[in-house]
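S.K.: Sequence:
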Amino acid sequence: MTKLTDNVKVLGNRFFNYFVVGKREAAVIECGTSAGATLFARQWAGLAEKPDIKYLIAPHSHFDHVCGIPVLKKLFPEARVVASHTAEKIMTREKVVTAMFVNDAEVSRAYVQAGFLEEEPAVPEAGAALNVDLAVGEGDTLEIEAGLGLSILDAPGHTPCS
58 MTKLTDNVKV LGNRFFNYFV VGKREAAVIE CGTSAGATLF ARQWAGLAEK PDIKYLIAPH
118 SHFDHVCGIP VLKKLFPEAR VVASHTAEKI MTREKVVTAM FVNDAEVSRA YVQAGFLEEE
178 PAVPEAGAAL NVDLAVGEGD TLEIEAGLGL SILDAPGHTP CS
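For what it's worth, our numbering labels the leading residue of the sequence shown as 58, then goes sequentially.
Some clues are possibly wrong.
[As the list claims (entries may be wrong)] Between beta-carbon pairs, the in silico distance windows are:
{"no.": "1", "residue 1": "A171", "residue 2": "G204", "range": "35 to 45 Å"}
{"no.": "2", "residue 1": "T155", "residue 2": "G204", "range": "37 to 47 Å"}
{"no.": "3", "residue 1": "G194", "residue 2": "Q170", "range": "19 to 29 Å"}
{"no.": "4", "residue 1": "E163", "residue 2": "K107", "range": "17 to 27 Å"}
[What the hints assert, rightly or not] Pairs of lysine to any residue residues, derived as SDA-like cross-links and limited to a Cα-Cα distance of at most 25 Å, are as follows:
{"no.": "5", "residue 1": "K107", "residue 2": "E135"}
{"no.": "6", "residue 1": "K131", "residue 2": "T155"}
{"no.": "7", "residue 1": "K131", "residue 2": "D121"}
{"no.": "8", "residue 1": "K107", "residue 2": "L199"}
{"no.": "9", "residue 1": "K146", "residue 2": "D121"}
{"no.": "10", "residue 1": "K80", "residue 2": "G196"}
{"no.": "11", "residue 1": "K66", "residue 2": "S208"}
{"no.": "12", "residue 1": "K60", "residue 2": "A136"}
{"no.": "13", "residue 1": "K107", "residue 2": "L61"}
For the record, the hints were derived by calculation from the structure and aren't laboratory data.
The beta carbon of each residue, even a glycine, is placed where N, CA and C say it ideally should be.
With the hints as constraints, model all of the structure from the sequences given.
M.R.: Shown next, in the form of structure tokens:
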């Protein structure tokens, strides 16, 4: 874990960073892949101080930023999954989600082959695996804890749903 500021810590690996924003209550910015989220869960377990996670924020709808949602929801069952309105529409298409998890499984195999994981994480069935609890857009604010909020900016570029 790396402390960026009093309110921001970074967990993850050389492939993905997970930003934990908040002290007592927090948001995790990035959902990553099943394999990346599994490694995040191990790091999380080793932390002495753990804030209550209120939000899991998917930066956009590409598989490598959303397929870790099921792993993270298991770790933080009360957390709300947050994504843009456009990402939410994409993440509810069963064929798209199925294809995402095919790609996710390839990444998991690569993690095992590289020695980062002993076995591949289970791949959830398509459908409810990528439900968004809160769709957000430009100008919205997520209240993390007293005196700390995240302002939502639409930043299309890499994807139209960023």
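S.K.: Please go over all the hints and tell whether each is borne out by the structure.
M.R.: Taking the hints in turn, this is what the structure says about them:
Between A171 and G204 the Cβ separation comes to about 41 Å, which falls inside the hinted range of 35 to 45 Å. The hint said 37 to 47 Å for the Cβ distance between T155 and G204, and at roughly 42 Å that hint holds. A hinted range of 19 to 29 Å is violated for the C-beta pair G194 and Q170, which are about 39 Å apart. For the hinted restraint 17 to 27 Å between E163 and K107, the CB-CB distance of approximately 31 Å leaves it violated.
Among the hinted pairs, K107 with E135 is consistent with the structure: their alpha-carbon atoms are about 15 Å apart, no more than 25 Å. As the CA atoms of K131 and T155 are separated by approximately 20 Å, the hinted pair is consistent with the 25 Å bound. Taking the CA atoms of K131 and D121, the gap is about 18 Å. The hint holds against a cut of 25 Å. Only pairs whose Cα atoms come within 25 Å are accepted, and K107 paired with L199 is accepted, the gap being roughly 19 Å.
Of the supplied pair hints, the one linking K146 and D121 holds, its CA atoms being roughly 17 Å apart against a limit of 25 Å. Of the supplied pair hints, the one linking K80 and G196 holds, its CA atoms being roughly 24 Å apart against a limit of 25 Å. Taken as a hint, the K66 and S208 pair is honoured in the structure, with Cα atoms around 18 Å apart against an allowance of 25 Å. Pair hint K60 plus A136 holds up; C-alpha atoms about 22 Å apart against a cutoff of 25 Å.
Distance restraint check for K107 and L61: the Cα-Cα separation of roughly 16 Å lies within the 25 Å cut-off, and the hinted pair is therefore satisfied.
Hint compliance for this structure: hints 3, 4 are not met, and every other hint is.
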